[in-house]
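Chain by chain, the residues run as shown.
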Amino acid sequence: MALLTTAQLRKSFGDVRAVDGVDFAVAEGEVLALIGSNGAGKTTLVNLISGLVAPDAGQIDFRGRDITALPVVERIRAGIARSFQIVNLFDLLSVRDNLALAIFAREGKSRRLTVLAEQDTAVREEAEAVLAQFGLQGKSTVAGGDLAQGERKLLDVAVAYALRPRLLLLDEPTSGVSTREKSAIMDVVTAVVRAGGISAVIIEHDMDVVFTYSDRIVVMHQGAILAQGTPEQIRRNAAVATTLLGAPAAGSPG
Amino acid sequence: MTTGGSVAGASLWGRVARLAPLLLVLLVLPWLIPPYQTILLSYGLAFAIAALAFNLLLGYTGLLSFGHSAYFGVGAYSVAFLVKYLHVASMELHLVGGIAASALVSLLFGLVCVRYTRIFFAMLTMALSQVLWSLAFKFYWVTGGTDGLRVSTPTLLGVVGGPAADKIGFLAHAYYYFVLVVFLLCVALLWLILHSPFGMALQAIRDNETRAEFVGIRVRRYRLLAFVLSGTFTGIAGALWAPLNGLVVPDILYWPFSGRIVFMTVLGGFRTFAGPIVGAVVFNYLETYAIGSTTYWQLVLGVVLVGLVLVMPAGIVGTLGRLLPRARRVG
Numbered sequence: 000m001a002l003l004t005t006a007q008l009r010k011s012f013g014d015v016r017a018v019d020g021v022d023f024a025v026a027e028g029e030v031l032a033l034i035g036s037n038g039a040g041k042t043t044l045v046n047l048i049s050g051l052v053a054p055d056a057g058q059i060d061f062r063g064r065d066i067t068a069l070p071v072v073e074r075i076r077a078g079i080a081r082s083f084q085i086v087n088l089f090d091l092l093s094v095r096d097n098l099a100l101a102i103f104a105r106e107g108k109s110r111r112l113t114v115l116a117e118q119d120t121a122v123r124e125e126a127e128a129v130l131a132q133f134g135l136q137g138k139s140t141v142a143g144g145d146l147a148q149g150e151r152k153l154l155d156v157a158v159a160y161a162l163r164p165r166l167l168l169l170d171e172p173t174s175g176v177s178t179r180e181k182s183a184i185m186d187v188v189t190a191v192v193r194a195g196g197i198s199a200v201i202i203e204h205d206m207d208v209v210f211t212y213s214d215r216i217v218v219m220h221q222g223a224i225l226a227q228g229t230p231e232q233i234r235r236n237a238a239v240a241t242t243l244l245g246a247p248a249a250g251s252p253g
Numbered sequence: 000m001t002t003g004g005s006v007a008g009a010s011l012w013g014r015v016a017r018l019a020p021l022l023l024v025l026l027v028l029p030w031l032i033p034p035y036q037t038i039l040l041s042y043g044l045a046f047a048i049a050a051l052a053f054n055l056l057l058g059y060t061g062l063l064s065f066g067h068s069a070y071f072g073v074g075a076y077s078v079a080f081l082v083k084y085l086h087v088a089s090m091e092l093h094l095v096g097g098i099a100a101s102a103l104v105s106l107l108f109g110l111v112c113v114r115y116t117r118i119f120f121a122m123l124t125m126a127l128s129q130v131l132w133s134l135a136f137k138f139y140w141v142t143g144g145t146d147g148l149r150v151s152t153p154t155l156l157g158v159v160g161g162p163a164a165d166k167i168g169f170l171a172h173a174y175y176y177f178v179l180v181v182f183l184l185c186v187a188l189l190w191l192i193l194h195s196p197f198g199m200a201l202q203a204i205r206d207n208e209t210r211a212e213f214v215g216i217r218v219r220r221y222r223l224l225a226f227v228l229s230g231t232f233t234g235i236a237g238a239l240w241a242p243l244n245g246l247v248v249p250d251i252l253y254w255p256f257s258g259r260i261v262f263m264t265v266l267g268g269f270r271t272f273a274g275p276i277v278g279a280v281v282f283n284y285l286e287t288y289a290i291g292s293t294t295y296w297q298l299v300l301g302v303v304l305v306g307l308v309l310v311m312p313a314g315i316v317g318t319l320g321r322l323l324p325r326a327r328r329v330g
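These protein sequence lines are chains A and B, in that order.
To convert, note that position 29 of the first sequence is 28 in numbering that gives the first Met the number 0; the numbers rise steadily by one, no gaps.
To convert, note that position 210 of the second sequence is 209 in numbering that gives the first Met the number 0; the numbers rise steadily by one, no gaps.
For the record, the hints were derived by calculation from the structure and aren't laboratory data.
All values derive from a computational prediction rather than experimental measurement.
Heads up, simulated EDC-like pairs for lysine to aspartate or glutamate below, C-alpha to C-alpha not over 20 Å straight-line:
hint, chain 1, residue 1, chain 2, residue 2
1, B, Lys-83, B, Asp-146
2, A, Lys-108, B, Glu-208
3, A, Lys-108, B, Glu-212
Pair by pair, the computed Cβ-Cβ distance ranges are:
hint, chain 1, residue 1, chain 2, residue 2, range
4, A, Ser-177, B, Val-15, 46 to 54 Å
5, A, Ala-223, B, Val-308, 50 to 58 Å
6, A, Ala-223, B, Leu-110, 39 to 47 Å
7, B, Leu-110, A, Glu-124, 33 to 41 Å
Just so you have them, the derived chain A footprint on chain B, three or more residues with Cβ under 8 Å:
hint, stretch
8, 184-196
9, 203-212
Note that beta-carbon positions come from the ideal geometry of N, C-alpha and C, so glycine has one too.
Generate coordinates for the entire structure from the input sequences, incorporating the hints supplied.
As C-alpha cells, this is what we get:
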C-alpha cells in the first residue's frame with residue numbers, strides 16, 4: 000500500500016520545469032533510491048514533499064490525507080522528516096543536544112522555559128539510545144560542528160530519525176565522504192530504517208550504493224520520471240543506461 | 000552525567016555553591032566601600048540585567064537588536080510617569096508598571112521585527128527605538144522633553160525610603176540590596192530559560208533556522224517569545240535605573256544607548272552566559288572613570304572597543320574561559 004503518492008506534481012523556477020507532472024509513490028517500509036543527473040529534479044521533488052517549497056500544481060497525499068498545503072511543522076507531525084544535501088546541523092549544540100532538541104520538539108516540550116533541559120532523563124536516555132543506533136556513542140558531548148564529515152552525515156540522519164517519522168527523506172546522505180565511509184553510513188542508515196519499518200527515499204549519485212541498498216529505484220530526468228523498478232530492472236533498462244550511465248543507446252552509431 | 004555542554008541537576012547546586020563567596024562579597028560591600036561606589040555598582044547591576052536580556056537575542060537566538068534602548072527607556076519612563084501622574088512611590092509597583100509596559104511595547108515591536116533577520120532586523124529595531132525617542136523628545140508637555148522627568152526616591156516594601164529619606168544613604172544601602180535581589184532573580188530566571196528546552200530551541204534557531212523548522216519548531220513564534228522576554232527584562236533594568244539616576248531623559252531612548260548595551264555584551268563575551276554581566280559592570284566603571292578623567296572619554300571607549308575586537312573577540316569571559324584550564328562552553 001502506498002504511504003505517499005504525488006499526482007501531477009509541478010514546480011517551475013522561471014523557465015526551468017524542475018518537477019514536471021510527476022506521479023510518484025512510496026510504499027510502506029521500502030527503501031527507495033531516487034537517482035538522476037544533476038538538475039533532474041530529485042531535490043526539488045524532496046523539497047516539495049517535505050514542504051520546503053510549494054508546488055505550482057498537483058497534489059501530495061500522505062497516509063491517505065492531502066498534505067499539499069500543509070506547513071512544514073504539520074508535515075513533521077504527520078510523519079515526514081528529512082535530512083539535507085549539505086549537512087544541516089546545530090553546530091554549537093552538543094551532539095546529544097542536537098538529538099534532544101528533536102525529541103523535545105516531537106514531544107511538544109520545546110515551549111517549556113522553566114525546566115532544565117538536562118534534567119529530563121527520559122529525553123537524555125532516548126538521545127543516547129539513538130546515538131548508539133547510529134554508532135555515535137561516545138560523541139554526546141562533542142559540539143555538532145566539531146564532528147568529522149562522515150559523523151556529521153550520520154548525525155544529520157539521526158536528528159531526522161529521532162522525530163520518529165513514517166517517511167524519511169534523505170538528500171544525498173553519503174555526499175562528500177570517502178567510498179569506504181559511504182558503505183558504513185548506508186549500512187547504519189538502512190539497518191535503522193528497516194528495523195523501524197520506516198520508508199526511506201534516498202537521493203544518491205553513487206550507482207554501487209544505489210544497487211546495493213535499495214529495494215526500488217526511481218530514475219528522474221529533466222523533471223520527469225524516466226523509469227522505475229527493482230535494481231535489476233533498472234540495470235537492464237536501455238533508456239536509463241543511455242541518459243544516466245552514459246552508455247550508447249542500442250543501435251545508435253558510435 | 001558528563002562534563003561539557005550544559006550543567007546537570009546535581010552540579011547545579013555545586014555551581015551555586017561556587018558562587019557563594021562572590022555573593023557574600025556583594026552582600027557586605029556597602030559596609031566596606033564609599034556610598035558613591037555602591038551606587039556605581041547598582042548602575043552596573045541594572046545594566047547587567049539589560050545586557051543579559053539583550054544577549055538572549057544576540058548570543059542565544061542569533062538576532063542583533065540595535066534598538067534595546069526602546070525597552071530600557073520604556074521601563075524607565077513608565078516609572079517616571081507613575082511618579083509624576085499617579086504619584087506612586089512604591090518601587091514594587093514601579094517594577095510591575097515597567098514590566099507591563101515593556102512587555103507590551105516589545106510585543107508590538109517584536110511582531111514587526113521578527114519577520115526579518117540579520118541587518119534588516121537590526122535596522123528595524125533601531126528605527127522603532129528612534130520613533131520612541133522622537134515621541135519622548137517632541138511631546139515635552141507629557142515627557143518633559145529634554146528636561147526629562149524627575150523620579151523621586153521610591154519606597155521599598157512600603158516602609159524604607161520615600162521622598163523624605165536621606166537619598167544617598169537610601170541608594171547606597173536599601174536600594175542597593177533591592178537592586179541586588181532583583182538582579183539575582185533575573186539572573187536565575189534567565190539562566191533557567193536559556194537552559195530549558197525552549198532555550199535549546201532558541202540556540203537551534205541561531206545555529207540553523209531551516210533545520211530548526213524541520214525538526215518541528217515554529218521559528219517565528221519562538222523568535223517573538225524570545226523578543227518579548229528580552230524586551231521585558233530590559234524594561235526591568237530601565238525601571239531599576241530610573242530611581243538611581245533620579246531623572247529620566249530622552250537620551251536613554253536614543254540609539255547610542257542601544258549601542259552601549261551592544262558594547263557591554265560584546266565586551267563581556269556574547270557566547271557565554273556570564274559575559275554580559277561582567278561586560279556591563281566593567282563598561283560602567285570604564286565609562287564613569289573615562290568621563291571623570293578626560294574630556295576625550297569617547298576616544299578611550301573607542302580604543303577599548305577596537306582593541307577588544309582585534310585582541311579578544313570572545314570578550315572578557317570568553318577569553319578567560321579559553322585561557323583557564325577548566326573552560327566551560329556555552330550551552
